[in-house]
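Engineer: Listed here are the chains, written in short residue letters.
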Amino acid sequence: MSASVEQSLEVKKRGLTSRPVIGTLILIGGMIGLIIAIGISVSIGAAEIDVKTVWSAVFQYDSALVPHQIIQETRLPRVLGAALVGASLAVSGSIMQGMTRNPLADPGLLGLNAGAAFMLAICFAFFPGLPYMYLILFAFLGAALGAGIVFGIGSIAKGGLTPMRLVLAGAAVTALLVALSEGIAIYHRIAQDLAFWNAGGVSGTKWENLQIMAPWVLLAILGAIVLSKSITLLSLGDEVAVGLGQQTGKIKLFGTIIILILAGAAVSVVGAVGFVGLIIPHITRFIVGHDYRWIIPGSAVLGGVLVVLADLAARMVNPPQETPIGALIAIIGVPFFLYLTRKGGKEL
Amino acid sequence: MSSLAVEQVKVGYSNLMIIDDLSVEIPEKKITTIVGANGCGKSTLLKAIARILKTRKGTVYLDGRSIQLLPTKEIAKKMAILPQSSDTPPGLTVFELISYGRFPHQQGFGSLKMDDLKHINWAIEVTGLSEMRDRSVEALSGGQRQRVWIAMALAQDTDILILDEPTTYLDLAHQLEILFLLQKLNEEEGRTIVMVLHDLNHASRFSHNLIAMRNGAIVEEGTPEKVMTRSNLKAIFDIEATMSVCPHSANPIYLSYTLHKLSEHTLQKENKKSG
Amino acid sequence: MIDKPYVSTYQQSRQKRKIYTILLILLLTVIAFIISMNTGFIRLSPMELLETLLGMGTEKQNLTLFEFRLPRIVISVLVGIGLALSGCVLQGVSGNALADPGILGINAGAGLAVVLFISFFPTTSDVPVLFLPILAFVGAGVTAAVIYALAYKRGEGITPTRLLLTGIAIAAGISAAMIILTLRLTPDNYQFVAVWLAGSIWGSNWMFVLSVLPWLLILIPYVFIKARVLNTLNLGEVTATGLGVNIEKERLLLLAAAVALAGASVAVSGGIGFVGLIGPHLARQLVGGKHQFVIPASAAIGALLLLSADTIGRWLIEPSEIPAGIVVSVIGAPYFLYLLAKSKA
Numbered sequence: 001m002s003a004s005v006e007q008s009l010e011v012k013k014r015g016l017t018s019r020p021v022i023g024t025l026i027l028i029g030g031m032i033g034l035i036i037a038i039g040i041s042v043s044i045g046a047a048e049i050d051v052k053t054v055w056s057a058v059f060q061y062d063s064a065l066v067p068h069q070i071i072q073e074t075r076l077p078r079v080l081g082a083a084l085v086g087a088s089l090a091v092s093g094s095i096m097q098g099m100t101r102n103p104l105a106d107p108g109l110l111g112l113n114a115g116a117a118f119m120l121a122i123c124f125a126f127f128p129g130l131p132y133m134y135l136i137l138f139a140f141l142g143a144a145l146g147a148g149i150v151f152g153i154g155s156i157a158k159g160g161l162t163p164m165r166l167v168l169a170g171a172a173v174t175a176l177l178v179a180l181s182e183g184i185a186i187y188h189r190i191a192q193d194l195a196f197w198n199a200g201g202v203s204g205t206k207w208e209n210l211q212i213m214a215p216w217v218l219l220a221i222l223g224a225i226v227l228s229k230s231i232t233l234l235s236l237g238d239e240v241a242v243g244l245g246q247q248t249g250k251i252k253l254f255g256t257i258i259i260l261i262l263a264g265a266a267v268s269v270v271g272a273v274g275f276v277g278l279i280i281p282h283i284t285r286f287i288v289g290h291d292y293r294w295i296i297p298g299s300a301v302l303g304g305v306l307v308v309l310a311d312l313a314a315r316m317v318n319p320p321q322e323t324p325i326g327a328l329i330a331i332i333g334v335p336f337f338l339y340l341t342r343k344g345g346k347e348l
Numbered sequence: 001m002s003s004l005a006v007e008q009v010k011v012g013y014s015n016l017m018i019i020d021d022l023s024v025e026i027p028e029k030k031i032t033t034i035v036g037a038n039g040c041g042k043s044t045l046l047k048a049i050a051r052i053l054k055t056r057k058g059t060v061y062l063d064g065r066s067i068q069l070l071p072t073k074e075i076a077k078k079m080a081i082l083p084q085s086s087d088t089p090p091g092l093t094v095f096e097l098i099s100y101g102r103f104p105h106q107q108g109f110g111s112l113k114m115d116d117l118k119h120i121n122w123a124i125e126v127t128g129l130s131e132m133r134d135r136s137v138e139a140l141s142g143g144q145r146q147r148v149w150i151a152m153a154l155a156q157d158t159d160i161l162i163l164d165e166p167t168t169y170l171d172l173a174h175q176l177e178i179l180f181l182l183q184k185l186n187e188e189e190g191r192t193i194v195m196v197l198h199d200l201n202h203a204s205r206f207s208h209n210l211i212a213m214r215n216g217a218i219v220e221e222g223t224p225e226k227v228m229t230r231s232n233l234k235a236i237f238d239i240e241a242t243m244s245v246c247p248h249s250a251n252p253i254y255l256s257y258t259l260h261k262l263s264e265h266t267l268q269k270e271n272k273k274s275g
Numbered sequence: 001m002i003d004k005p006y007v008s009t010y011q012q013s014r015q016k017r018k019i020y021t022i023l024l025i026l027l028l029t030v031i032a033f034i035i036s037m038n039t040g041f042i043r044l045s046p047m048e049l050l051e052t053l054l055g056m057g058t059e060k061q062n063l064t065l066f067e068f069r070l071p072r073i074v075i076s077v078l079v080g081i082g083l084a085l086s087g088c089v090l091q092g093v094s095g096n097a098l099a100d101p102g103i104l105g106i107n108a109g110a111g112l113a114v115v116l117f118i119s120f121f122p123t124t125s126d127v128p129v130l131f132l133p134i135l136a137f138v139g140a141g142v143t144a145a146v147i148y149a150l151a152y153k154r155g156e157g158i159t160p161t162r163l164l165l166t167g168i169a170i171a172a173g174i175s176a177a178m179i180i181l182t183l184r185l186t187p188d189n190y191q192f193v194a195v196w197l198a199g200s201i202w203g204s205n206w207m208f209v210l211s212v213l214p215w216l217l218i219l220i221p222y223v224f225i226k227a228r229v230l231n232t233l234n235l236g237e238v239t240a241t242g243l244g245v246n247i248e249k250e251r252l253l254l255l256a257a258a259v260a261l262a263g264a265s266v267a268v269s270g271g272i273g274f275v276g277l278i279g280p281h282l283a284r285q286l287v288g289g290k291h292q293f294v295i296p297a298s299a300a301i302g303a304l305l306l307l308s309a310d311t312i313g314r315w316l317i318e319p320s321e322i323p324a325g326i327v328v329s330v331i332g333a334p335y336f337l338y339l340l341a342k343s344k345a
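So the protein sequences, as listed, match chains U, R and B. Following UniProt numbering, the numbering of the first sequence begins with 1 at its first residue and continues without gaps. Following UniProt numbering, the numbering of the second sequence begins with 1 at its first residue and continues without gaps. Following UniProt numbering, the numbering of the third sequence begins with 1 at its first residue and continues without gaps.
Treat the hints as calculated values from the structure; they're not laboratory data. Quick caveat, the model's predicted, so the values are computed rather than measured. Using N, Cα and C, we set each Cβ at its ideal position, and we do this for glycine too. Wrong hints could be hidden among the right ones.
Covered stretches of chain B, as calculated for chain U (at least 3 residues, CB under 8 Å) [claimed, not checked]:
# : region
1 : 78-84
2 : 185-194
3 : 314-322
With a Cα cut of at most 25 Å, we get these calculated DSS-like pairs of lysine-lysine [stated by the list, open to error]:
# : chain 1 : residue 1 : chain 2 : residue 2
4 : R       : Lys113    : R       : Lys78
5 : B       : Lys153    : R       : Lys10
6 : B       : Lys153    : R       : Lys118
7 : B       : Lys18     : R       : Lys118
8 : R       : Lys78     : U       : Lys343
Starting from the given sequences, assemble the full structure and let the hints guide the process.
Structural biologist: Set out below in structure tokens:
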């Protein structure tokens with residue numbers, strides 16, 4: 001393509017389009033949608049419980065009533081966990097996409113899941129019977145390990161962290177960690193246990209988990225919103241950002257820390273769920289424009305809605321069995337990824 | 001000798017047509033240069049001639065036969081292409097890379113025959129690469145590398161050479177080296193050369209025939225005297241040029257130029273200096 | 001024109017060095033072959049080995065060598081060659097040094113076919129061993145066709161990057177489908193699938209050898225003949241067209257060859273990654289960029305690599321064993337990352 005046409009396309013593509021009115025609407029609408037989704041999700045399950053009871057269970061809890069117990073002890077933490085996981089994955093995905101200028105970046109593609117699974121394999125094989133709390137902690141460490149290697153390799157290389165390199169480094173680290181966990185799993189005959197854990201979704205979420213996870217996640221999302229203006233500038237290119245007086249190194253460091261906290265927390269609770277971090281930022285960007293001040297909070301809300309609904313579907317598709325939530329989301333996610341790959345220009 | 005003609009060609013990219021209906025004949029055994037502003041379609045025309053871009057309508061004729069119907073290997077024996085940029089694969093010596101130019105003449109596994117070696121050695125000699133024939137291509141400078149690519153096209157042993165901006169990224173002396181080489185090939189071997197150049201003065205100095213384009217159409221075509229005029233340059237580039245004559249070739253060149261449409265501020269500044 | 005055809009002495013010695021390098025790798029493969037015959041739960045001393053080979057072994061020795069070890073060793077060699085050549089072709093066609101049959105979803109496709117079969121016919125435990133290779137081959141072929149179709153865009157054809165990313169996406173989708181399927185398997189079937197997916201050669205018999213061999217006998221010469229085309233494809237699309245290569249056609253044929261090579265290999269070995277990546281890379285570092293040398297060197301390195309990995313996997317935790325695919329990944333992935341870190345943008 002001739003240089004001038006390319007330039008004009010570039011300007012159009014990178015052009016800063018912010019739509020505050022639509023952004024506000026999406027935030028408010030998304031919030032309402034999230035609350036409705038949580039309400040529906042809490043009331044539907046093995047035991048049908050009407051909305052009125054849900055309301056009273058939350059606000060006038062009576063431990064003598066069985067429905068109240070079900071809601072308080074099982075459903076509510078699970079659904080809130082789903083919302084938090086969705087928000088974490090979506091926000092970490094959008095930061096990743098903004099910072100790397102890579103529309104295909106997603107925490108699941110970057111070794112986080114494989115890292116978590118690897119640590120779990122070690123736990124299952126060498127410390128069987130480890131309490132759930134410790135498993136989550138180790139999964140988190142594993143996720144950090146996987147992502148650390150991917151980002152590390154990507155950044156050491158000459159020419160820095162290109163989109164292609166990040167995706168490939170992610171694929172390689174994933175392969176390595178998967179091979180190691182496979183080895184451990186086959187040797188100790190724990191392969192299927194691991195698969196169950198990975199596919200388990202949010203069903204095991206308890207209040208204690210939320211107590212640990214929620215403050216971190218909320219703080220990290222807050223941090224992401226604070227960083228959002230700088231991420232918008234970074235998404236225009238490092239040189240532009242430096243030109244506008246940004247300390248790109250610092251922003252990338254903080255951004256990476258936030259990604260790790262969010263994605264690590266999410267993966268440790270929900271297992272291998274890809275594509276939330278990929279799809280949601282794209283949908284949000286499509287609606288609110290390229291301003292990360294709107295993309296990040298918008299992603300948080302929409303991500304929450306998606307995972308709450310996916311968790312609901314996981315329970316409803318084949319009751320009383322639970323369909324793996326990661327697989328359900330992948331069914332939407334893969335076609336979407338393919339669509340992006342086709343739509344993207346030569347740089348993809 | 002091989003002849004080239006373009007007839008009523010429509011060509012462009014997937015959803016953006018650059019050239020709508022263009023016909024032109026490329027004179028045999030002459031140097032023809034296509035010039036024009038950015039995005040005018042000069043590279044597109046060159047790529048259509050070289051069969052890199054498929055034409056939507058119309059035909060490019062090589063020796064009177066449609067280029068779309070000829071086997072691509074047959075075309076490669078008559079026409080070599082030097083693109084704006086090529087990928088340099090790692091781990092090759094100059095000799096090895098230039099030997100790739102023999103592709104259309106080879107069969108099977110591709111061991112080099114006497115005839116292949118003759119042409120490769122000649123190409124190395126004529127591009128002045130004898131000293132570095134065993135060097136790794138990756139270790140060469142930009143100008144040297146460009147000569148290697150030209151040598152590869154020469155090893156292809158074709159009547160027609162098509163070059164897309166062969167002097168871009170080269171410094172002044174290296175630009176001339178390449179152009180002298182092309183001139184020599186044309187004069188001594190009678191090869192037809194078609195190229196795109198950004199430097200108008202070089203185009204005028206080294207070409208027999210100029211094709212000036214704007215918005216996907218030909219504005220003027222013919223000898224440098226005919227094409228390189230004040231009024232044509234205004235029509236092609238929107239510039240006001242001060243013309244002169246090249247002391248080396250006696251063809252017209254521009255000394256300096258200013259924009260046709262100037263802003264108030266720039267106009268005053270320019271007038272002050274010249275007044 | 002210069003009359004005397006001339007090749008510099010440097011060029012000649014460079015050529016010779018490359019040939020010697022390839023011969024050296026072949027020699028190492030032969031050594032690995034001999035060591036591998038000695039490795040295993042039942043020890044055979046070099047003397048016993050020689051006797052058995054000459055037909056003077058005991059019944060037990062004969063059984064161990066001819067029915068268990070030799071087919072397995074031969075399969076390692078064949079699969080190593082197949083995967084390395086497949087990677088070599090894929091890297092040449094895509095112009096991307098990081099392409100590999102595993103990354104292109106071929107392994108995942110074969111795996112899905114196997115898992116599908118086992119989850120629908122879990123009781124026919126004797127049939128699968130002979131039936132699996134065919135199934136895996138079909139799975140790999142279908143996946144590759146789907147990836148090609150999805151990466152194809154009218155007017156542009158296939159761009160290498162799009163092909164790679166489409167492959168990654170399809171592989172991700174297939175793993176999601178596998179999660180659902182594998183959870184329903186019985187623990188024993190699951191263990192079987194897990195070992196198969198990890199890439200193991202333990203089930204090999206002469207039938208397997210016979211099912212891979214024809215593919216290799218046809219495709220290896222084909223790839224060798226296409227060495228020149230692969231050379232030109234490396235120069236970029238425009239240059240290759242200028243040299244008279246019909247890019248669309250050659251790409252499609254070469255991709256099909258690569259898929260067939262990988263498919264046939266994965267069918268008998270399970271999901272072995274990284275041989276297709278490392279083989280060609282090491283080959284290029286050792287013998288330069290010309291495919292006339294890269295292709296044979298890749299094949300030799302692939303054979304050596306997989307044979308060594310299988311032997312190590314067998315020896316490391318005797319009497320149990322580690323699937324060769326895991327050994328290869330554990331060596332291969334770090335090397336891949338090293339290359340990635342070293343590569344320029």
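Engineer: Work down the list of hints and note, for each, if the structure agrees.
Structural biologist: Outcome of the hint check:
no.: 1; hint: 78-84; in the structure: violated (count 0)
no.: 2; hint: 185-194; in the structure: holds (count 5)
no.: 3; hint: 314-322; in the structure: holds (count 3)
no.: 4; hint: R:Lys113 to R:Lys78; in the structure: 20 Å, holds
no.: 5; hint: B:Lys153 to R:Lys10; in the structure: 21 Å, holds
no.: 6; hint: B:Lys153 to R:Lys118; in the structure: 42 Å, violated
no.: 7; hint: B:Lys18 to R:Lys118; in the structure: 24 Å, holds
no.: 8; hint: R:Lys78 to U:Lys343; in the structure: 38 Å, violated
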